[in-house]
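Reading the sequence shown from the start, the letters are residues 0 to 383 in numbering that gives the first Met the number 0.
Please note: incorrect hints may appear among the correct ones.
[Claimed, not checked] Below are the PhoX-like pairs computed for lysine-lysine, each with C-alpha atoms no more than 20 Å apart in a straight line:
#	residue 1	residue 2
1	Lys353	Lys364
2	Lys175	Lys353
3	Lys381	Lys353
4	Lys139	Lys65
5	Lys163	Lys139
6	Lys187	Lys175
7	Lys163	Lys65
8	Lys186	Lys163
9	Lys163	Lys56
10	Lys353	Lys383
11	Lys65	Lys186
12	Lys186	Lys139
13	Lys163	Lys187
14	Lys187	Lys65
15	Lys187	Lys139
16	Lys175	Lys186
17	Lys364	Lys175
[As the list claims (entries may be wrong)] Label-pair ranges, simulated between beta-carbon atoms:
#	residue 1	residue 2	range
18	Arg299	Gly122	36 to 42 Å
19	Ala234	Phe308	40 to 46 Å
20	Tyr99	Pro160	18 to 24 Å
21	Asp43	Pro160	21 to 27 Å
22	Arg299	Leu252	16 to 22 Å
23	Thr124	Glu296	34 to 40 Å
24	Ser67	Ala234	28 to 34 Å
25	Pro100	Ser67	24 to 30 Å
26	Lys56	Gly180	32 to 38 Å
27	Thr304	Asn177	47 to 53 Å
28	Lys364	Ala44	49 to 55 Å
Keep in mind that the hints were calculated from the coordinates and are not lab data. What you are looking at is a predicted structure, and each value in this text was computed from that prediction instead of being measured. A virtual CB, placed ideally from N, CA and C, is assigned to each residue, including glycine.
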Amino acid sequence: MSLAIRSQYEKRGFAQARLHRYWTSLRNPKTAGRSDLDRLAAIDARAREIAAMSDSKIRDTAVRMKESVSAGHHDADDLAEIGFALVREATRRTHGIYHYPVQILAGLSLIRGSIAEMATGEGKTLAISLPAFVFALAGKGVHVATVNSYLAERDFEFSEPIFKFLGMSIGLLPEKNNTEGKREAYKKDVTYGTGYEFGFDYLRDQLILMRQPHPGPRERLRQAILDREGLAAPAIVQRALSFAIIDEVDSVLIDEAGSPLLISESAETDDRDLTALQMARQLADSLERGTHYRVEEDSRRLDLTQAGFDTIHEVPDIPWEGLRRPWQSYVMNALRAELFFHRDVHYVIDEEEKVVIVDEFTGRKHAERTWRDGLHQAIETKEK
Numbered sequence: 000m001s002l003a004i005r006s007q008y009e010k011r012g013f014a015q016a017r018l019h020r021y022w023t024s025l026r027n028p029k030t031a032g033r034s035d036l037d038r039l040a041a042i043d044a045r046a047r048e049i050a051a052m053s054d055s056k057i058r059d060t061a062v063r064m065k066e067s068v069s070a071g072h073h074d075a076d077d078l079a080e081i082g083f084a085l086v087r088e089a090t091r092r093t094h095g096i097y098h099y100p101v102q103i104l105a106g107l108s109l110i111r112g113s114i115a116e117m118a119t120g121e122g123k124t125l126a127i128s129l130p131a132f133v134f135a136l137a138g139k140g141v142h143v144a145t146v147n148s149y150l151a152e153r154d155f156e157f158s159e160p161i162f163k164f165l166g167m168s169i170g171l172l173p174e175k176n177n178t179e180g181k182r183e184a185y186k187k188d189v190t191y192g193t194g195y196e197f198g199f200d201y202l203r204d205q206l207i208l209m210r211q212p213h214p215g216p217r218e219r220l221r222q223a224i225l226d227r228e229g230l231a232a233p234a235i236v237q238r239a240l241s242f243a244i245i246d247e248v249d250s251v252l253i254d255e256a257g258s259p260l261l262i263s264e265s266a267e268t269d270d271r272d273l274t275a276l277q278m279a280r281q282l283a284d285s286l287e288r289g290t291h292y293r294v295e296e297d298s299r300r301l302d303l304t305q306a307g308f309d310t311i312h313e314v315p316d317i318p319w320e321g322l323r324r325p326w327q328s329y330v331m332n333a334l335r336a337e338l339f340f341h342r343d344v345h346y347v348i349d350e351e352e353k354v355v356i357v358d359e360f361t362g363r364k365h366a367e368r369t370w371r372d373g374l375h376q377a378i379e380t381k382e383k
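Let the sequences and hints guide you as you build the complete structure.
Shown next, in the form of structure tokens:
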């Protein structure tokens, strides 16, 4: 598990500065200097005090804490200690279990922005709930990213009664292209979802923002005064990015690093481009490995030799005027489609005879994704 802080649409404005001060206070509380074991004992003591409160008293305490932190008035010596104690007692009352020391220590590590390594069965879901609640007190939203949709749904269902008991809203990020559903999920105090879906939503929002005119100084001032969190709130789905907790960080940020998040805007393939794709496909079939091109299997690197470069440019009737990219790119994509991308492994063909990308790690189909720079069209041509 790991935690990351990100800022999306705001520059160094008032809201971001306040958020940064909040996180700094969590990482460096007034009680700094004590060990985590000392803080663990303090959390246990506070939890015993909270255990004597009624359900409504606990909820009121959590709500008042959120209001105070959101307003920038967090005078408590250590919000993490109070917040962790509240979550611990809420978990006991909703699930009949409570956090063990190893889970609390992991939560303290995440508060500092560190990676916490936990053995299987030590309860990462419970550990994540602790910093998620404390970060949510800022009122800016917390993203809990998991490696697949099953874990996201499972952890959401487990955590939902805990956060609701404390007066916090919680949402599950839908994976289908459901704009309203996504926007509602992002409005919650805590949002569970897959790491790649958080990433793709960010990229989609950036495409929308890129198409919009850049606001002038007057508009930016108006947004700052109103504390607006986005330049196009009705159009985009995410709020400004503030806090993220990543479960299975080695899988999300290391293992899946070989599969970058890419979004390409759809473009109609005209007759001339289709002709170029078909010619490139036929030409690629005639090229010989070692003579016309070299391949590095481990890195999936493909290079034309000088003989290959000369051969592909000696082909007659290349539709130069209809090319959307250099002719060499068409041929290279045709070769990549044949060498590196295989049906029922990297993609499938749906009922409409379209190529649908398959996630190599989860096996999930992603009809809304396309490979970029003409590769998707090259694979479609290969399958015709």
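- Task: Go through the numbered hints given earlier and state which of them the structure violates, listing their numbers in rising order.
- Result: Checked against the structure, no hint fails, so every one of them is satisfied.
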